[in-house]
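Trainee: Heads up: the protein sequence lines correspond to chains D and B, in order.
First residue of the first sequence: 1, per my numbering; consecutive thereafter.
First residue of the second sequence: 1, per my numbering; consecutive thereafter.
Misleading hints may appear alongside valid ones.
[Unchecked claim] Okay, derived cross-link-like pairs now, DSS-like style, lysine-lysine, Cα gap no bigger than 27 Å in a straight line:
id : chain 1 : residue 1 : chain 2 : residue 2
1  : B       : K57       : D       : K99
2  : B       : K71       : B       : K57
3  : B       : K9        : D       : K99
4  : B       : K70       : D       : K99
5  : B       : K57       : B       : K70
6  : B       : K14       : B       : K71
7  : B       : K9        : B       : K70
8  : B       : K71       : D       : K99
9  : B       : K83       : B       : K9
10 : D       : K99       : B       : K83
11 : B       : K71       : B       : K9
12 : D       : K54       : D       : K99
13 : B       : K83       : B       : K14
14 : B       : K57       : B       : K14
15 : B       : K83       : B       : K57
These are calculated hints, taken from the structure and not from any lab test.
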Amino acid sequence: GIQVEQSPPDLILQEGANSTLRCNFSDSVNNLQWFHQNPWGQLINLFYIPSGTKQNGRLSATTVATERYSLLYISSSQTTDSGVYFCAVEQPGGTSYGKLTFGQGTILTVHP
Amino acid sequence: DGGITQSPKYLFRKEGQNVTLSCEQNLNHDAMYWYRQDPGQGLRLIYYSQIVNDFQKGDIAEGYSVSREKKESFPLTVTSAQKNPTAFYLCAGTSNAGELFFGEGSRLTVL
Numbered sequence: 001g002i003q004v005e006q007s008p009p010d011l012i013l014q015e016g017a018n019s020t021l022r023c024n025f026s027d028s029v030n031n032l033q034w035f036h037q038n039p040w041g042q043l044i045n046l047f048y049i050p051s052g053t054k055q056n057g058r059l060s061a062t063t064v065a066t067e068r069y070s071l072l073y074i075s076s077s078q079t080t081d082s083g084v085y086f087c088a089v090e091q092p093g094g095t096s097y098g099k100l101t102f103g104q105g106t107i108l109t110v111h112p
Numbered sequence: 001d002g003g004i005t006q007s008p009k010y011l012f013r014k015e016g017q018n019v020t021l022s023c024e025q026n027l028n029h030d031a032m033y034w035y036r037q038d039p040g041q042g043l044r045l046i047y048y049s050q051i052v053n054d055f056q057k058g059d060i061a062e063g064y065s066v067s068r069e070k071k072e073s074f075p076l077t078v079t080s081a082q083k084n085p086t087a088f089y090l091c092a093g094t095s096n097a098g099e100l101f102f103g104e105g106s107r108l109t110v111l
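I would like the entire structure built from these sequences, with the hints used as guidance.
Mentor: Below you can see the structure in the form of structure tokens.
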């Protein structure tokens, strides 16, 4: 199956700093999503971004499908950005619509 | 409120007992999913269902069972055959655009 690798595994920031999280995948994808898991376990969908660039407030994401990676940018980080960020992908074809494979996540800690 | 509702949030079970986790949605999602998360790990797919009365095994289906009798409901049963059931269980649904939305999760502890 497809392999999804996220880096770095851990990231510690001071409030106000910027950061870039990376997601590499081993095969073609037709679906890529970024999620934030808060300290209580709730997973929030940040971006649906199989290709191109999207922005939502202080967060933006870019996927270069031909080179098999995606980047999540967090600017002016806040303590509420702390948590785990997951990248998840789906391979094209077959009958497994919506069957996402998750990376191991990046643990982000933002200190005040 | 709309969304995906899981219950219970916390559940304790004795070894050898079956337990059923509820997942209800009012988002009209055709496809629904159950994922398992272990501490410090990513999510692994247990079962998924794309339409009513149909479901498929995911990557770690052994020791679990599901049903999909109604579009709104996708309960997961953790059976006594599941060797290591203590985990955080997440139910999700897919919008027409392919975006995945999660419930708040159910934390199962086997005593």
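Trainee: Evaluate each hint against the coordinates.
Mentor: Results of checking the hints against the structure:
| no. | hint | in the structure |
| --- | --- | --- |
| 1 | B:K57 / D:K99 | holds (11 Å) |
| 2 | B:K71 / B:K57 | holds (18 Å) |
| 3 | B:K9 / D:K99 | holds (24 Å) |
| 4 | B:K70 / D:K99 | holds (20 Å) |
| 5 | B:K57 / B:K70 | holds (18 Å) |
| 6 | B:K14 / B:K71 | violated (31 Å) |
| 7 | B:K9 / B:K70 | holds (22 Å) |
| 8 | B:K71 / D:K99 | holds (18 Å) |
| 9 | B:K83 / B:K9 | holds (21 Å) |
| 10 | D:K99 / B:K83 | holds (24 Å) |
| 11 | B:K71 / B:K9 | holds (22 Å) |
| 12 | D:K54 / D:K99 | holds (22 Å) |
| 13 | B:K83 / B:K14 | holds (13 Å) |
| 14 | B:K57 / B:K14 | holds (26 Å) |
| 15 | B:K83 / B:K57 | holds (17 Å) |
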